[in-house]
Amino acid sequence: MSTPVLALENVEMVFGGLRAVGGVSFEVPEGSIFGLIGPNGAGKTTVFNCITGVYAPTSGAVRFRGQRIDGLQSFQVADRGIARTFQNIRLFGAMSVIENVLVASHRTSRATLFDSMLRTKRYHDDELAMRTRASELLEIFGLNRVATERSSSLPYGDQRRLEIARALMLDPKLLLLDEPAAGMNSAEAKVLDRQIAELRDRFKLTVLLVEHNMQLVMNVCEIIHVMDRGETIAHGTADEVQEHPKVLEAYLGKPAETPQGTAAELPRAATPEPKAGDVLLDVRDLHVNYGGIKAVKGISLEVRKGEVVALIGANGAGKTTTLKAIARVVGWASGAVSFDGKPLAGVAAHELVARGMALSPEGRAIFPNLTVRENLDLGAYTVHDRVAIHRRVDEAVALFPRLGERMSQLGGTLSGGEQQMLAIARALMSGPRLLMLDEPSLGIAPVLVDQIFEGIEKIRATGTTILLVEQNTRRALAAAQRAYVLVTGEIVLSGDAKTLADDPRVKGAYLGEVAHDA
Amino acid sequence: MRKVLFVIAAIAALAGLQFGAPAVLDNYLIRIVSLCGINVMLAVALNLVNGTTGQFSIGHAGFLAVGAYAGAISTHVLDRRVHALVPGAVGDGLTLVCACIAAISAAGLAGVLVGVPSLRLRGDYLAIVTLGFGEIIRISIESTDALGGSQGYPRGSESIPTYAKLGWVWGGALLCVVLAWNLTYSTHGRALGAIREDEIAAEAVGIPTTRYKVLAFAISAMMTGLAGALYAHDATGGQHIDPGGFKLDKSVDILVMIIFGGLGSVTGAVLGGIFVGVSLEFLREIPNIMRGVLPDAGVQYLRQNAGNIRLIVYALLLVLMMLLRPQGLLGTREFHWSTVRSLIPGLRRKTNGGGPAR
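Those protein sequences? They're chains A and B, same order as listed. Be aware that the first sequence starts at 0, since it is given in numbering that gives the first Met the number 0, and climbs by one per residue. Be aware that the second sequence starts at 0, since it is given in numbering that gives the first Met the number 0, and climbs by one per residue.
A hint or two may mislead.
Cut-off 25 angstroms, straight-line C-alpha distance, at most; resulting in silico cross-link-like pairs (SDA-like, lysine to any residue) [unchecked claim]: (1) B:LYS2 to A:LEU112; (2) B:LYS2 to A:LEU127; (3) A:LYS120 to B:LYS2; (4) B:LYS2 to A:PHE140; (5) A:LYS203 to A:ARG121; (6) B:LYS246 to A:LEU127; (7) B:LYS2 to A:LYS203.
Keep in mind the hints are simulated off the structure, nothing from the lab.
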């Protein structure tokens, strides 16, 4: 057999005293689509960073087409022909879509600095060739129509596709995709699924994929390497891996220890169903615009005391914008919102915290350079009662025991799931009456998602009202009493969560099958 | 073909400026026009680092000083020898060109020397290092007797010949603008922009970020050095340069120019350079404008304190600018006539509304 495109030999990575990756070896054959999976904290991202030159492994070797690349800098790795995308999209925001792609022509461009500054013939020829190629790549992803738009103005899915187009401009031999389906809905993920295989054939690529979306991984990957806690636990085809007992254990927890099923079947009757209590949050005909784009078009909703209300919908439906508008982080074009009977127009975002509203933002937004404890303390900024602060820290630990183990660790060193727990715990530190959670399950391993939803259930049991924004519809509807379904900035469905869970129209809302006036 | 036409037109315009200006403008105005040209070079140069590449230097007065002194020394050494070979105006020009080359080389070298160790740093840290560099240059000059110390250069009754007439100064400015423009809107300029936007992503597409930062810094230093040589030889430099002209406030002035024009915009830097040059001079006229508005005693007071009041009003203008248009005049965009119209949305309405009143 020919040399594998990429080979890891006993790669180990130690941070301080923490062994993030302990001796991982695998080979990626030429032309394959290779999946690297594992629950959060498994060390996938660390492996990724060892390959791409962000880290130099503590020991072991990384070989690309037979040559050592460990210890090279990122740009040198890219120069050898390894292109990558990022988990949390990293586009050059202020640059146009086509410029983003053109930046990656650096490797293939022959124009020197003097050609550029003096605009020689070679510069013009080169530029023309690059632009033609960039245009072709954009065409593949249907992005040519927005070629001159600022890349930061693109919708999420397009930004993801643009990142792949940019990576392909490098003319790579190996394409590394870091969670390409994160934040995509199932329809978008399905398209991506097909696209990855097409790209591999068209550009003669080898693809290495890190992904949480198991359906995508199982569909598209020919070889799957499974990691847990820095170690390899399984390696093989989708069928082999899916049945592997260690894999099942890593993802679902040990069968004996985990209660059957998910939050859906958790004993909800333990806490009394809230009576049609007083309205805590009342949103009337809220409109929000971003520049010329109407993100939220006349939303009305209410949240009663003690309820869990879910706001669900596909990407770009306006869920996050609605939360931000309620929290007064973005301005309203028109409409009215009242909290506990008092109108919120003109109230500053930070004042709302003192009034009893807390937001755990999308993407977690924890303070990475502060410890877990300091993050929590900052959440209690409006609280002046030391005893209450201590009590709430204890409550946070009881809610998410993992945080207790990590109290003096820097927030940025936590895994994604742990950061999400921290973000929720931090929001609870102000002792809110209304807790707004924005996408608490985004990009998090299933086993931690369970823990987070269990936490949400416990928070509800203490009488805190929750407004939950979630893409994971099934989980959200299981956790909530009532729900609103958002499609392109408008509420198309609302009602009892259990009823909605069985309503085929909800699925339609995600796939774009529901008419706006449904 | 267009390129050739452009060069011919540029040379004709510069020649016109060189020989025509003294006939039309008085010395004071020539000084302002010359100062504006130097400002344009400085602003375009700093914009390359602070705007396009997104690094933060506040030590460019140091490169200006290096250029000015290197140019002045070169002329001091070469002036007679060159004129012995080529007399007259051609000799003047040749001497000046030599001075410019010396200045560009010296400042470029200084740029690389400062850039290589410091450009791994980011943001505030880089700002502090460049600030320190600027001060080291100035203080070194001040304490070197051969350079005239704080008395300035050249020593005694000697003076720097004023060879850098308007044509040369604006020729330098034009050169800087064209080169900066070409660089900014090319593969290499996109690499610099990528560094500004996201260094990690830039590395991931194969851009050696440190090398590019040093490159931008060196080119910027060279342009600043050129400005220094022309400054030393023009009417503004006053035939004499001293370290007092290269203090931190000079670096801040350049920063103001590019922030005013819009960080990252080449044409914005040009406008900013001209604005700062003109407004600082124009504000001297405050007492004269206020005549008739204020009582005589007030005008008298303003006149006595003109120097300070000018700076206060200038600072207020900047505060207003930051409040009303924090992204600068042009933001990251480039100058275009349609931009002018969009900048002043009230323009049309005002003229329409003003019509009936008249």
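Does ARG121 of chain A sit within 25 angstroms of LYS203 of chain A, going by the straight-line distance between their CA atoms? 29 angstroms, violated
Would the pair LYS2 of chain B and LEU112 of chain A pass a check requiring their Cα atoms to be no farther apart than 25 angstroms? 19 angstroms, holds
For a C-alpha distance cap of 25 angstroms, please report whether LYS246 of chain B and LEU127 of chain A respect it. Roughly 45 angstroms separates the two Cα atoms, so the pair is violated.
Pairwise hint evaluation, PHE140 of chain A against LYS2 of chain B, where the allowed Cα distance is 25 angstroms at most: 37 angstroms, violated
Is LYS2 of chain B close enough to LEU127 of chain A, meaning Cα to Cα at most 25 angstroms? 18 angstroms, holds
Please verify whether LYS2 of chain B and LYS203 of chain A have alpha carbons no more than 25 angstroms apart. 42 angstroms, violated
Given the hint that LYS120 of chain A pairs with LYS2 of chain B, test it: the Cα-Cα distance must not exceed 25 angstroms. Holds, because 12 angstroms separates the two Cα atoms, which is no more than 25 angstroms.
Hint check: violations occur at hints 4, 5, 6, 7; the rest are consistent with the structure.
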